[in-house]
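So the protein sequences, as listed, match chains X and W.
This note's numbering applies: residue 812 is where the first sequence begins, and numbers increase by one.
This note's numbering applies: residue 291 is where the second sequence begins, and numbers increase by one.
If you are wondering where the hints come from, they were derived from the structure by calculation, not from laboratory data.
Glycine residues also receive a C-beta, built at the ideal position from the N, C-alpha and C atoms.
Among the clues, some could well be false.
Claimed, not checked - Negatives, chain X to chain W, calculated, CB over 10 Å: (1) A845; (2) P898; (3) R942; (4) N949; (5) L989; (6) Y1001; (7) A1040; (8) R1090; (9) K1128; (10) E1134; (11) Q1140; (12) S1150; (13) D1153; (14) P1160; (15) Q1191; (16) K1200.
As the list claims (entries may be wrong) - Distance condition first, Cα-Cα at most 20 Å in a straight line; then the derived SDA-like pairs of lysine to any residue: (17) W:K680 x X:P937; (18) W:K379 x X:F1176; (19) W:K680 x X:H885; (20) W:K463 x X:F1176.
Unchecked claim - Beta-carbon label-pair distances, calculated as ranges: (21) W:Q467 x X:S1094: 19 to 29 Å; (22) W:R459 x X:Q1168: 54 to 64 Å; (23) X:Q1033 x W:N649: 39 to 49 Å; (24) X:N835 x W:E650: 29 to 39 Å.
Listed below are the residues making up each chain.
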Amino acid sequence: MLDVPQSATAGIVRYCEDLFRDLNFESARAWKAAEPGRKVIGYMPYYIPREIIHAAGALPLGILGGGDQLEVIHGDAYYQSYICRIPRSTIELGVTGRLDFVDGMLFPSICDVIRNLSGMWKLMFPGVGSRYVDLPQNFEDDVGGVFYQSELNEIRHWLAGITGRPISDSAIRASIVLFNESRRLVREVYALRVEQPWNVPASELYLLMRAGLVLPVEEHNQLVRDYMASVREQQRPIKDNSRVVVSGAFCEQPPLSLIKAIELSGCYIVDDDFMLINRWEKSDIAVDGDPVANLAYAFLHDSNSTPPKYEPDLARKGLYLVESVRKNQAEGVIFAMASFCDPALLDRPILQDILKQHGVPQIAFKFAENSGQMQPIREQAGTFSDSIKLWSGT
Amino acid sequence: MTVITRTSTKPAAIIKDASMAKQKDMMSRHYERLANVPETGEKVAATFVPGNLNELLMCFDFANNLPEVNAIQSGLRKQSGAYIMEAEKIGHSEDVCTYVKSDIGMMAKGGIGPNGRKLPDPDVLLLSYTGCFTFMKWFELLRQQYRCETIMFHTPYMADGKVTKDMVRYMVKQLTQDVIPKLERVSGIKFDIDRLREYLRKSARAEDDLVWVLQSAKTKPSPIDAYFGGIYYIGPIFGAFRGTDDAIDYYRFLREEVEERVAQGKGPVTPDGDMGKERYRLVVEGPPNYTHFRQFWKMFYDEGAVVVASSYTKVGGTYDFGFRHDPDHPLESLAEYCLNVYTNRNLPMRVDMLENYMNEYEADGLLINSIKSCNSFSAGQLLIMREVEKRTGKPAAFIETDLVDPRYFSAANIKNRLESYFQMIEQKRAGVRAAA
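Take these sequences, add in the hints, and give me the full structure.
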């Protein structure tokens, strides 16, 4: 395990960055090696019911591609040039043995590319269990809810097959309690950033959230507490930055340098959708009663909005962004979307229209997880920030 | 049974089977019906080919308008390029599906259909999206424009290679609790399940003949081209005619025509007449290019290459595996139809299917036409190619085009690639002969 320097913000951030840069997933490997029989279950964005994995005694491990550090050689041989980068770098992780300790992989229904990757995984890694997680697009309890419960029970059964022991209701309830605490802490640190964005830079919060995808939830909860305690004890200089919401990077992640470039250009990021899974459910999932039914209910009625999820109510379409702007006192929206990301890019014109109707300034650019040139981003975001400062009151 | 028709855009004669002429006449009548909606007062439903619930829509007297088919028509008429650029001009990304952009661009330019008359606005968007997430975003975009009733009908993915009872139950519940009540409300017509049964009975009859025609390609020489010609054959049943007497008549007529070709030992009819000697039998994976359809096809038949089986002709239903619409289980049957379409099958199933086609149709090789716009088809195709090649020992090749974006059709490159591929097949044959 990597050493965690206590208390000091810089130490926590350094620890998170070490985890972020470690494409061999040493911390997850160490967790698995610590006790015989432990299992690790990988998952892709944007949402997976991690509670069930945890209840199975396994470690949920977020796989978010290879970022800008991984040279993709094999992965490019599996994809045409017009397909986004996250599947090719994920294949690269698999082919190069970086995921050889992972006992199962879950692929949520986010888009056609990730869906097809689930089948590719079956063909390429037949020794590893893999499962596509079909999320309902019907949000009625007795229709989509019943279907999702059956899907959750199949996942439960599949996990029990991997771990060799059944997953009890009480174990799932205990995991819900832990993940409720996790989401409360994540909401708290996001709220802290809204309140003091100068003290919670987006690049730091990003690394802290990424750590939540590789660490056991108990450990990550403590890390978030430590980070907030440490941040509250310090005061960093306040800058005359614009407050922006960044939207569209819910799957393939931007390079860390891109997040820093937005900040350096004069923007405080006060909300984002980088790792929605950490705060997918907007409030606590009920603990009493049938835990699978509770997970399904929370997905249907209390989860965030994002382009891969259907919005049945035309009047509500895209309002989540407007509400985020209002709630977080943002002055504009930056659409940062992965190249060739169908759900994000197809949704963008709708969202732009809705923001326009509500008088919210916005800009858009595309990235790939290995984008290297940040100067154009910095200039674009800087100009956006300046224009907000100069003309938003007129 | 061959007729020659002349079009105003093509100076050279295009030779068509009588069935092709009949199909064209059906499509013309369909577009006239749509254009006449302001006069007839018919209600219009827009929906998609994979997951098309035509029989259900007919129960409510909806005219069925399929945006994908409109995009294809725009592609064939060389109009889609301008439509796509129009959509990009108004903010749609160059990275995304050109079917969507062709449709959006067509609307932006007045919504003129292939018959030169305005297409009607939909009264309902039936978002029956099967095997493609883009459909969902497509209708969300249309919903913003038309602000009409939009009905989601979610088909689960066959990720584990099977249809489960839970999947069917989920879909039937959507039909009974959401889809049908909303269609009743919009149309003002009460649902009659016996009417649905009757349409499904008719569907099954037409499906029998379609399957016979597609499987006729097992004979040598193949009497049909199951990709380029196959696109004509699937038109009525994938579109607005499934469940109608017209479809029954068309597929019976087509079958008789193909039976005659088999009896005479003839190969397929191409736009330049009967194809010459059959030299290469191919299985093709992926949709075609429509902007240069005839030029693309010519690259095959000039070399004596005939497509004996294709996955694209299964995107609106995999009838050749035995599925038929079942009047005794009407709603379950609609659900199973949607679940079984080609792009709703996981990659291992797709590989198995193509491998089986290679064997059953005694093909010389697999050709993948990878479509820039269509991640549902394209993501994973390079692995599919390797797997099928490995399992069958037959050569495979990969070309890239687009459905309706002319910017992605590079004729010289594709021709060069195809010629090399045919040489590869020859070499493989020579190797087999030498080994024997």
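Hints, one by one, checked against the model:
no. : hint                         : result
1   : A845                         : holds (32 Å)
2   : P898                         : violated (7 Å)
3   : R942                         : violated (7 Å)
4   : N949                         : violated (5 Å)
5   : L989                         : holds (28 Å)
6   : Y1001                        : holds (27 Å)
7   : A1040                        : holds (42 Å)
8   : R1090                        : holds (23 Å)
9   : K1128                        : violated (7 Å)
10  : E1134                        : holds (18 Å)
11  : Q1140                        : holds (27 Å)
12  : S1150                        : violated (6 Å)
13  : D1153                        : violated (6 Å)
14  : P1160                        : violated (5 Å)
15  : Q1191                        : holds (16 Å)
16  : K1200                        : holds (25 Å)
17  : W:K680 x X:P937              : holds (16 Å)
18  : W:K379 x X:F1176             : holds (16 Å)
19  : W:K680 x X:H885              : holds (18 Å)
20  : W:K463 x X:F1176             : violated (41 Å)
21  : W:Q467 x X:S1094: 19 to 29 Å : holds (27 Å)
22  : W:R459 x X:Q1168: 54 to 64 Å : violated (40 Å)
23  : X:Q1033 x W:N649: 39 to 49 Å : violated (58 Å)
24  : X:N835 x W:E650: 29 to 39 Å  : violated (46 Å)
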